Amino acid sequence: MSVVLQVEGLCTSFKTRRGLLPAVHNVDLRIEAGETLALVGESGSGKSVTALSILRLISPDHAQIKARSLRIGDEELCSATPPMMRAVRGKKAGMIFQDPATSLNPVLSIGRQIVEALEVHAVARGKAAWDHAQALLERVRVPDAGRRLHDFPHQLSGGMNQRVMIALAIACSPRLLIADEPTTALDVTIQAQILRLIRELQDEIGMGVLLITHDLAVVARNADRVAVMYAGRKVEEGHVADVLRTPLHPYTAGLLAATPDERSNGRLAEIPGLVPGLAEMPPGCPFAPRCTRALDVCSGAMPTISGSSGRLAACFNPIAPC
Amino acid sequence: MTNSFFYRLACRPAALLGMLVLLAMALGAILAPWLYPGDPMSMVGGVLLRPGEDPTFPFGTDQMGRDLAAEVFHGARITLLVGIVSAFAATGFGVLVGAIAGFYGDMVDGVLMRLTELFQTIPGFLLAIVFIVILGSSIGVIVFSIAAISWPAIARMVRAEFLSLKSRDFVQSSRVIGMSDARIILTQMLPNCMAPIVVTSSITVATAILTEAGLSFLGLGDPNLVSWGSVIGVGRESLRTSAYLTLIPGLAILLTVLAINLLGEGLNDAMNTRLRVA
Amino acid sequence: MARMGCTATWPASALPDIVKNSRIWRLLLSRLGRSAVIVAGILVVNFSLLHLAPGDAVSVLAGESGGADKEYVDRLRETYGLGRSLPEQLIAYAKGLLRFDLGWSFRNNTSVSELIWSRVPATLLLVGASVSVAVFIGVVLGVASSRRPNSATDNVISVVSLLAYATPAFWLGLMLIVLFSLKLGWLPTGGFRSADLDLRGFAAAVDIARHAVLPILTLSMFYSAIYARLTRASMLELAQFDYVRTAYAKGLSERAVRYRHVLRNALLPLATLLGIQFGSLLGGAIVIEMVFSWPGLGRLAFEAIMARDMNVLLGILFLSSLLVVFINIAVDMVYAILDPRIRAH
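Protein chains in written order, with the numbering used here: chain A, 229 to 550; chain B, 897 to 1174; chain C, 24 to 368.
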């Protein structure tokens, strides 16, 4: 199995008037071809920033992105130049975003935007590109694809637009697909369709998928492995079945308890407190102030992620030994 | 306190500079009758003296021996007066039309907007000229004419604000408790658009000053009064030999309008508490 | 490294839209309908001004009182006469205006409409060129200053814009004459062409161009500043939109994103502003033409002001208002072509 994405020690810090504020700290990720890794966390956990950092979609004016290693396929992109990154984006790695309505240019036709993705990487040109674009639309199950090519985003529903986004992302058959909350803005009935489409395309193309979500139900049904993030750090990782059945980190347990299902009646269990802001990180474990299992050592020192055979947790007092 | 409006305004040196220049202009205008008593259009000195040639005339004199400095100081009175009064009138009328159109909607809005569109279609400067030619070039007519062409922009802006405020909860609840329309407009909605109204008014003052200068330059100003535009118009006759006659009053207009724009921008920034992306 | 060619550029993909959808035609129809109301309003305004003018309406239409021959005045009185009711007068007047019968100018011994038409080309040249220059300079400077906000380039452009915006146009024109005509002698002080030289063809065009440089520069300066600031603001605001991120995620370069995605959308508010400001541009042309002795409508208006010739003034008012209506419709159509979201109400 070939490794599609290998990230070691990713650190992204935002440049603010108060100095450099770390939003993602020392995150490692690894995805193999045909595998789906879910990245889970609340808003403010740094999961979206992680995704954007992999493709360097945050301007260097706003943030500093560093990593020990960042490989997509077999290409090391740690100190990649802008032209190198441009060659990777859209071709080796595709990305889809949360809100399809605003993620497509309103004044350009659907076809135009897909053709652009094909032309920039010289996959096709002119009439051939438009034919290819139509084929892509058919592949993502957009009905009446020939006509839709000349339509504009505002004429399509949210679900349709998200399919167009997916077509854009897979246009050049990338090795890695990053999906940043692809179904959050869509109706529940459409969500399942879109996720199923992504799985099918993944099998067809043999891509690795990085699925970012806050919804554990989505993780359960669509991912092979899951990494949990809190306050910019990875706090747990493992196979989906293992993590969801026997979480190691208290935060993961809290998330699971807060997920509504058929068994929960009445109030959902909350995790008391709030995620600390970038500038208000406590010393030691960032989850300690809200943790029911916190020990004295937790507020003084930072737990490092450790474990074996892919089952990892960053905790001084895990629920079960890792 | 540190985030208050005045603090934010004070932090912008450009706006402060603008305010200082305006105060200086206003001061000059107010003190004109004391600094240069008498009629500024009276001939007091040698003809076409350059600035600095005769220490009594720091700005020099024009073709008829009129003291340019006196004309500039007295001209400030007219320019600022016309600018402020016509902007005030335009704002008053514009707010009235815009508020009614935005609040009542439907037919009332349709009619008022057509009226606004009409006044925005007819070229304003030309319309002002026609008004003055018909009604005479007294200062009252000039103020009226400038106001008559400046109100549509304000009306549009206020209408847009009111349309968006109309659906807000606090307006809906005012209606539910039975507040009269007038009270809702005056006490609930209008205070919420003060920021854009103030900023647009400042721009209107600047435009009014430029329009008045243009009208006076064309000879349509009040013949008994001195305005910076009319001084430039007279100075134009001797452009070849005495460019200072045109240069100095023009600089006065430039500085005044610049100062108003800087202040207006400062007000705009200070009034908008927009979150800045780091 | 593949060349980033764009074979089907946006006009081509918009063309099927114009031809296939009836959206554009429906919009045009609705705009014409609305404009008819405005034109009616213009007619009423003109009519009211005519009656507000000193002297009676007919003597105004006949040209300055005393200059017309009795037979002509009697005929006018019959057609527009005060004997009839006000609404009838209005309709008669409206019919006349729409036939472009704007009265007679005895001072110039020609009909007002002929007088005006003879001056229109010069003004169109001035205004058309000024708008083009202003848009070009404005967009170029606006894009340049939005590339690196708060950089030296941005600050310099902002300062220059601020100055250009605050400068009275007529004064700027005079100062430019002092500098370029009187002191440096590079350009003529005014007029349309060198009357004393008999030039043909290309040489004549160059001569006219030399005369047009300063007037165009003066008229466009104020508007360049406005367009530059609008373009800058639009570019910065639109760069935050999600679809820009998608464009980068496809692998497009900064240049491609800036021009093909952001600027394309930033042109929309610019088009709107152009339409709104056209009337002000015509007004500005009056003073510029006077300063530079440019033989257009503006200079004609100035002459009419001096002679208190209401006839000609009202004719110019009517025609320029119609021009603004026409330009606004054109701008709306261009906007609808650029923005596929616009539909007829």
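Among the hints, erroneous ones may be present.
In silico negatives: residues of chain C with every beta carbon more than 10 Å from chain B [what the hints assert, rightly or not]: (1) Gly64; (2) Arg287; (3) Leu305.
Each computed SDA-like pair below joins lysine to any residue, with the alpha-carbon atoms no more than 25 Å apart [to be verified]: (4) A:Lys319 to C:Ser276; (5) A:Lys243 to C:Asp265; (6) C:Lys206 to B:Phe1015; (7) C:Lys206 to C:Arg223; (8) C:Lys118 to B:Phe1015; (9) A:Lys320 to C:Asp265; (10) A:Lys243 to C:Lys206; (11) A:Lys320 to C:Val267.
If you want the footprint, here are the derived chain B segments under chain C, 3+ residues with CB under 8 Å [unchecked claim]: (12) 934 to 946; (13) 949 to 960; (14) 1111 to 1122; (15) 1154 to 1161.
The set of hints was computed from the structure by calculation and includes no laboratory data. Values in this document were obtained by computation on a predicted structure and should not be read as measured data. Each residue gets a CB set at the ideal place from its N, CA and C atoms; glycine is no exception.
Could you check the structure against the hints above and give me the numbers of any it violates, in ascending order?
1, 3, 6, 7, 10, 12 and 13
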